[in-house]
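Trainee: One letter stands for each residue in the lines below.
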Amino acid sequence: MFHSTLTTFLLVVPLAVLTYAFDTFSEELLLKPLGNDHLYAHFQFATKWDTDPEQESFRHTHMFPRALGEIVARYNVQELHVSLTAGLWMYETWGYPIMDAAPGAELWVWFKEDTENVDKNWKELASSLSGLLCASLNFIDKTNSINPEYTFKPRGAVSSPTINSTFVRYSSLPREIVCTENLTPLKKLLPCEAKQGLGSLLNAGHIYNTRYHSMAIHMRPICRDSSCESVSLELQQSVSLVYDLLILEAKHWSFRKLFGQGVIGRCVLAETATIYVDTTNNESVPFQLKPDPDEYVTSFRGGYVHTYAKYDVQSYVMSLNANYLGKNKVVLNSPPAIYANQYITGYGQERGGIVTTIYNNHWSPLDVVFLQNIPWYVPIYLHTLKIDAGGVRIEPTRIHYIPGRQRERPYHLEVLVKLPARSITSLSIDFDYVFLKWQEYPPDANHGFYIGSAVVSTILPLARNYTGLPQDGSTISDSFNASRSGYLVQMRTESTVITLPTPDFSMPYNVICLACTVVALAFGPLHNITTKRLILIVKDNEHFIVKLKNKVVGIWTRRTSE
Amino acid sequence: MDFVSMGRKGRIQKPPVSDDPERPFRMYNIISYFIVLIVIGLPVWWFTTRVYRASLPLDRMFDVTLANKTDRQFGILLSLEYDVLITVVNPEPSRLHVNLEGEELEVYLRPFLEKVSPIADFVVKSQWLYLVELGARPTKVIDHYVLSEEQLPHVITPLEKKLWSHLSPRPCLNLVLYVSHCEVPLYIQEKSENATNAFLSPRWGGIVIINPDPDSCEKRIFQPNVKQIGGILTTQLSKMLRMEGTTKQDLIDLQKRKAEDMVDSTRRTLKSLAELLSEINSIVISDDVALKIKVAVDNADLADELMAKGEIENALTFAKVAFENSEAAFSDASLLALLYFPDDQKYAVYIPLFLPVMIPVLMSLLTLKKWLKEKEKTE
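If you read the protein sequences in the order shown, they are chains A and B.
FYI, in my numbering the residues of the first sequence are 9 to 570.
FYI, in my numbering the residues of the second sequence are 48 to 426.
Okay, chain A solo, but in the shape it has when bound (with noise of 0.2 Å):
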């Protein structure tokens, strides 16, 4: 426990930085032009704790939100990540994001070592998020959720080599829809809310006017310094949106555009707040900026040169402008190294095959971990698994399968491969349309069912197109200059709809009524029968007419007759 010195605090400009000694805040939003038409924003608030996660109690919390504090106690959380994103990030237009979600809600937790029931921790756990996030995440169980085996490694520090992937869990809902309900919870995280910085500028009306957008919350523990003596608590928050300047009508964006206004003065909780703007096809796409940024700054990654201009968020309010000039120009991309996608084959509703296709333009064979969770109602044939990359039949290096079973746990598929150099490979896989019990169907029955993104994970040995963060990171200047021996990439791919044999859902109103008619109609007989005297009458066969006048005749006799 110790306390900001006095000192400090006297060297500091009028504007009061807190450097409360416990935590630290910074905000940071980075605009990024992705070929002509598109513009990336993303918003990146991270939370540094100087605390020891394995001793924090969370009882007593100064920038670190305390609700989810509490959610992290409560469930002995080592790390969390959880996104929420509505639409597809094209990886070959636009490269790759600065960190990758999969449509709809994704959840994925890994739990500290002396937790002793991991599926019961998790099943609650979803449940207080879906809470504090006004998501539906309750509907996350053990029916839907595995543990990779592979893929999802701890992103933070760990205090042992090991790892036991029976502490991780994964599970997503490709059905959730984002909408504003979820984005105000994630501003009252924030230690300003929305009053100054840059939350100010998450106006629900404008930032879901996009292609793309995408929320995330990331908590995991990280060293405190290079020496890695001692840990610290991270949290990212995060905020991904993909503008579609045509939709816009605006060419020429401007804060105002894009977000309906523009910076409400700085958080004064923050230690940086900057403003980073990607001028780094500045030549072949060319425009000018207003105001004119306070410095340049060159970053040198993996063998590629990106230049971005940097604002430092002002105490005023401040807006940003971007020109283009010269003639509208048509941009040719090149495709980033590695992107995949993700489809259903085959008709009728017998049988079907999943298909995952990968792209691979890099010059040389890349590792890959393809996993691949679908639900227990689409079960799936191993072995008509099949990988074939440009005709040619390849073997995978691994494979880790669990089979599903109904009702219970869902298919988990990792599949380890090896992508030969510049081609296009294709893993393919059966199944069978199943059908299920009534009450297990959805509303709006017919819409269909979700079968979750496929996760590809790869580590590229160059950084064209790639933003991400390095794994030491949590802001975006840590990017800059960045260079390591790999770079991780998780691509998901497309998420899929199948529909099920769905039944006719007016059958127990149509059997209640038919079977009470059988009944009644078989019942009023039978006692009749067995109840009543039966007398057998002789008909009269007068003609119809000759009756009638018969009657007629005896009504007029009978008349005169009084």
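No lab work stands behind these hints, which were simulated from the structure alone.
A virtual CB, placed ideally from N, CA and C, is assigned to each residue, including glycine.
Honestly, I wouldn't trust all of these hints.
Below, a list of computed lysine-lysine pairs in the DSSO-like style, where the Cα atoms sit at most 30 Å apart [unchecked claim]:
| no. | chain 1 | residue 1 | chain 2 | residue 2 |
| --- | --- | --- | --- | --- |
| 1 | B | K424 | A | K131 |
| 2 | B | K339 | A | K540 |
| 3 | B | K420 | A | K540 |
| 4 | B | K209 | A | K196 |
| 5 | A | K540 | B | K416 |
| 6 | A | K195 | B | K424 |
| 7 | A | K128 | B | K416 |
| 8 | B | K420 | A | K131 |
| 9 | B | K208 | A | K203 |
| 10 | B | K208 | A | K195 |
| 11 | B | K417 | A | K540 |
Just some of the chain A residues that point at chain B, by a computed CB distance under 8 Å [what the hints assert, rightly or not]:
| no. | residue |
| --- | --- |
| 12 | H68 |
| 13 | R163 |
| 14 | V166 |
| 15 | K203 |
| 16 | I388 |
| 17 | Y389 |
| 18 | F531 |
Chain A is already provided as a structure; the job is to place chain B on it using the hints.
Mentor: Showing chain B alone in chain A's frame:
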């Protein structure tokens, strides 16, 4: 079958009754239909489609004397554990840095909380809120600002929204420390001494207003008097628990009050549950819940006896057990298992089956009655 001829005018003549040898068998058929469907079938259907209710000591639940609710003072929720949440509010962090730690405050609260630990457990938590204002505008009086008593309720509601929710099942006692703006020394009512100001909402918690002195404002760093604040918070907590002081007699009084309150609450809960059971037909009482109710009733009676004898501490233990069980039974999820299957839906499903079947059976009872009357006449 008998043959009948139509007369000249077309009227049917019934054959005489005497030459009907099958009549007794028909009557026996009517009787057997009646027995199978109504005497055997109806009870079987009723018992197989009724809502399950284990046996309960309903007369003991109904027949209780409850304390008059208006006599009791308005106070905090009754529970066996409480969260004490200390929130420090700094509305202008750019002008002032407040040097205060949640752990320090907890150290000052601990002795008091230890003393009252027989009645409940307390968990102390703290958090910080920045850039938040009080909801009411104070009026300026000479050199300081004043909040009148009528404005105080309007202070709590907007603040409550910012305090976040809790993951714990324990009710929360909120203690808010508001550090006023630098040039806005804030007081309540008309007090103008340099004492800190505090007010209390008996159900929710307390708010303490701290005014930083001009020296700290210039240096931009403020070290509040933790001992004084700890004392104020302790007083607020003891007022919320309705204790006069902290002597041994006060503690015993507190225990007695809590035991009485818990027994009263148990009885009230069980009585309302019994009333609900008689009004709503679709509440399920499983064996589990019935056991909890029985335990609660027994322990409440036992606690009453012990309090009459004067053994307060033992009475408190039994009262706690009774309270816990009654709350668990009342809020058990299985009670509402059939909430969306009310009785009218059950009837709507079975009436199309039973009504066309029952009508002929019941109508044929009239024929039976006639036959019995005839038999009497002939005998």
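Trainee: Sort out which numbered hints this structure fails and list those numbers smallest first.
Mentor: 1, 2, 6, 7, 8, 13, 14, 16 and 17
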